[in-house]
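Novice: Each chain is listed here by its residues.
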Amino acid sequence: MATNNNVIERERLVIKFAGDSGDGMQLTGTQFTDTSALLGNDLATFPDFPSEIRAPQGTIAGVSGYQVHIGHANIYTSGDKADVLVALNPAALAYNLKHCKPGATIIVDRDAFTEKAFKKAKIDSNPLEDGTLEHYNVIAPPVTTQCREVLRDSGVDSKTIDKTRNQFIAGILFYLFNRDPQLGIDFLAKKFAKKPKLVELNTLILKAGYTYAENVEAIHSTYLINPNIEKKGKFRNITGNQATAWGLMAASEKSGLNFFLGSYPITPATDILMELAKHKELGVKTFQAEDEIAGINSAIGASYAGLMAATSTSGPGLSLKSEAVGLAFITELPLVIVNVMRGGPSTGLPTKTEQTDLMQALWGRNGEAPIPIIAASSPADCFNYAFMAEKIAIEHMTPVILLTDSYLGNGSGLWKIPNMEDLPTITPRFAKANEPYEPYARDPETLARTWAKPGTPGAEHRVGGLEKSDVHGAVSHDPINHEKMTALRKEKVMRIANSYPAQEVFGKEEADLLVVSWGSSKGAAYSAFKNLEEEGKSVAFTNFNFIFPLPKETPDIFKRYKEIVVCELNDGQFVKYLRGEYPEFNYLQVNKMQAQPFMVSELTEKFNEILEAK
Amino acid sequence: MTDIKNIQKYTRKDFVSDQEVKWCAGCGDYSILSAVQNALPELETEKEKFVFVSGIGCSSRFPYYVDTFGFHGIHGRAAAIASGVKSANPRLNVWIMSGDGDSMAIGGNHFIHVLRRNMNVNYVLFNNQIYGLTKGQYSPTTPLGQVTKTSPYGTIEHPFKPGELAMGAEGTFYARGTDNNPKQMKEIFIEANKHQGTSLVEILQNCVIFNNNTHHEITDKTTRDDNQIYLKAGEKMIFGKEKNKGLVLDGLKLKVVTIGEDGYTLDDILVHDPSMEDPTMAFLLARMSLPEYPVAVGVLRAVVAPVYDQLMESQIEEVKSISKIKNMTDLMNSGHTFVL
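So the sequences go chain by chain: A and B. Mapped onto the numbering used here, the consecutive letters of the first sequence carry residue numbers 1 to 614. Mapped onto the numbering used here, the consecutive letters of the second sequence carry residue numbers 1001 to 1340.
Rather than coming from a laboratory, the hints here were simulated on the basis of the structure. Given the structure is predicted, the values throughout are model-derived calculations rather than measurements. The C-beta atom is built at its ideal place from N, Cα and C for all residues, glycine as well. Take these hints with a grain of salt, some might be off.
Listed next, the in silico DMTMM-like pairs over lysine to aspartate or glutamate satisfying Cα-Cα at most 20 Å (straight line) [said to hold, decoys possible]:
no.	chain 1	residue 1	chain 2	residue 2
1	A	K416	B	E1318
2	A	K280	B	E1318
3	B	K1326	A	E281
4	B	K1326	A	E421
5	A	K234	B	D1014
6	B	K1022	A	E467
Computed footprint of chain B on chain A, listed as stretches where at least three residues anywhere in the stretch have a Cβ under 8 Å from a Cβ of chain B [what the hints assert, rightly or not]:
no.	segment
7	83–96
8	457–468
Throw the hints in and build the complete structure from the sequences for me.
Specialist: Spelled out as structure tokens, the structure:
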């Protein structure tokens, strides 16, 4: 490992990989991420790709990126601006330079900087020579030439050779971060276990990149990120979508119910369907429906039949499902609707992130149809909240909407593998055979009705979208009954708040400013709060995961602070909701509608402005 | 398999619910309900295993009137809901009850896909060629030119024939019956239930209020012998009061001939084979309409094909038997993990 340089220890560091869709940037990013995890760093990742599968090569529109934030410190976001940028072509450099810190290390393939490439990237001159990179630390080896040289006698064509370029860069990174290149080689061996030739070629190139870095004088200092000391135990790197899928599966095992997912492919939620489709060994039934509507309706059918059911989608899909969500609500059947939010409205920005469907989740149905809403806050905690969503759905006999988003779904972080025994129990209440059964008789405590699965003798009954009479469940148009049923359904949902864990507040008991976030803005908002707290500012922080109903102690928390600021990636949906629920407080708001996650720096700045304005 | 000996004997009464039936007096739905309730005791299935699923429309009130498990869904979605019920528990006996608006318009997509997947359910399509519950608008099966509340100058839309659509989706079972022939309906329902896969049964049903006598020419007792052909497997395609008319193939078309005329003898008449995998003949039969042809009733198509819910279960069992992952703990600890 590198010993001949200044070694700079860093608390945290952001690396961004960028290139064409086919350049292997996601692979190199994952390799770097896994190695970081092996070495004990905390981490978070976020891929950033265009909605086209293969946008024109070499153009700005075709740039695909993967950002990794690693730390000795705890990591809560995928990071603001990059300390290190890998750019495999001029377009990737041009697009990402504004996302780099001043003085960042920029690693490029000099051979990719040709006149032809500048034209495609729509830049006028060579950024390696025109002073653009004057204030950066540039490492610009002729990667293509080097790779072709190394593999000259390998017998493979130059197209195949050029695909190994990313491993030359990987080699440089292993040197730059004082890491044993063998870890990268092990990763390749695992990844391409069935393609030994690929392993061989890429290993040669990775080693060549490492040697190159050792020998050139472009690298004056290297980085060392020590292991995180707070995280102990067995972890894995997990994306939010995978964690959501696994959380649902864990709920299935814990409840003893087989699991049915009815779903239709939609970005960025499709990974959940794909992940669950893999796990037939655990009895998961996935039904790829003909449309979003059939996705949810099949899940309602499965729930009626007594299975644990879910449907997964993204914003436009939730719009299509709205009527059926109402059906699940009035039939009081357990169902989890996962909405991985993306930029809207309409098709909007399918591959980008936005917390944009809160109002749709809250109110997007005909009639009085309040439905519990839960929002996850990190890729890893998607597991817990997916699990919780099923627990609530099953024990309270109601559909539940789980909100995640593209940032959480596609991003990843370290997840501590739980013990199944430590997870809460999930207890479905089924009608028993040959006992009197009334479909709308309720548990006195939760007001949940009893679930009666077909196949249970004596429990034959009819439910449906029409209003039903209390207890007996006959079709009823009686006005007083309708009012009663409306109130009962609402009260049932409101009582779910009785089972919430305490709403966590960080920082001072009383302070000048309470920072409020919900769902995925937690990471950035919490990090910004930490910055201010370290500066000795009078601040506190709370994040909402239980959105409807809100935790009961919410107003008691709010009243302890002089100012409340609500941050969210939309035009102010949560703050509008809070204003309706608790109009006695004054709310400030920070909103961002760039379909990109918050940066810690921009929030820190906003909060400071608020504190200074006082 | 169900042990038939242990199933109690049911009668029609066991399938009558406590709900007041609220169809109009004289509605064709009454006789369909009655035929289903008469067929159910003969299906050798425990009562608690029946699930009736419907969408929206007059016909979709059906589940309330049968004393089994029932789910009254939303408009057009019965097939999707039923697909979930059946996939969740293939041992249930699932019936979809739907109308021409519910299945041919708003639920058209689910209709073709449930047939394509060959989910093992029975699908009864009440075709009265009108929107009844919304009081008389034309439906996708209303004949071209008919005056309705939303076509005061006559419709300008070519209608669907459900059977043709079913053949397009390569449905594995298609039968047609009429609401004024309870004996035939019952026979068809029993056949439909025997079939493994999606059994589509179209019933020509009369809406006494908004489209009275729409099927009159086909169903009327005085004309039906000449205007219907009751197809039975293995039998000649013969019809008519005198039983002297039959169907022959003329190029790519069917042709009605009179036995003993123009040189046609009984030997020339086609024999009905609903088990042909190729749906072309069933398509020709489903297409037949007055006045050129009689309308085909009975089981037009019943072919053996893989069944979705059974494949789903067997795939799971197969993967379970070979996988080393037996529970979530195994899964969560498999692959790339890091001890910090």
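Novice: Does the structure break any of the earlier hints, and which numbers would those be?
Specialist: 1, 5, 7
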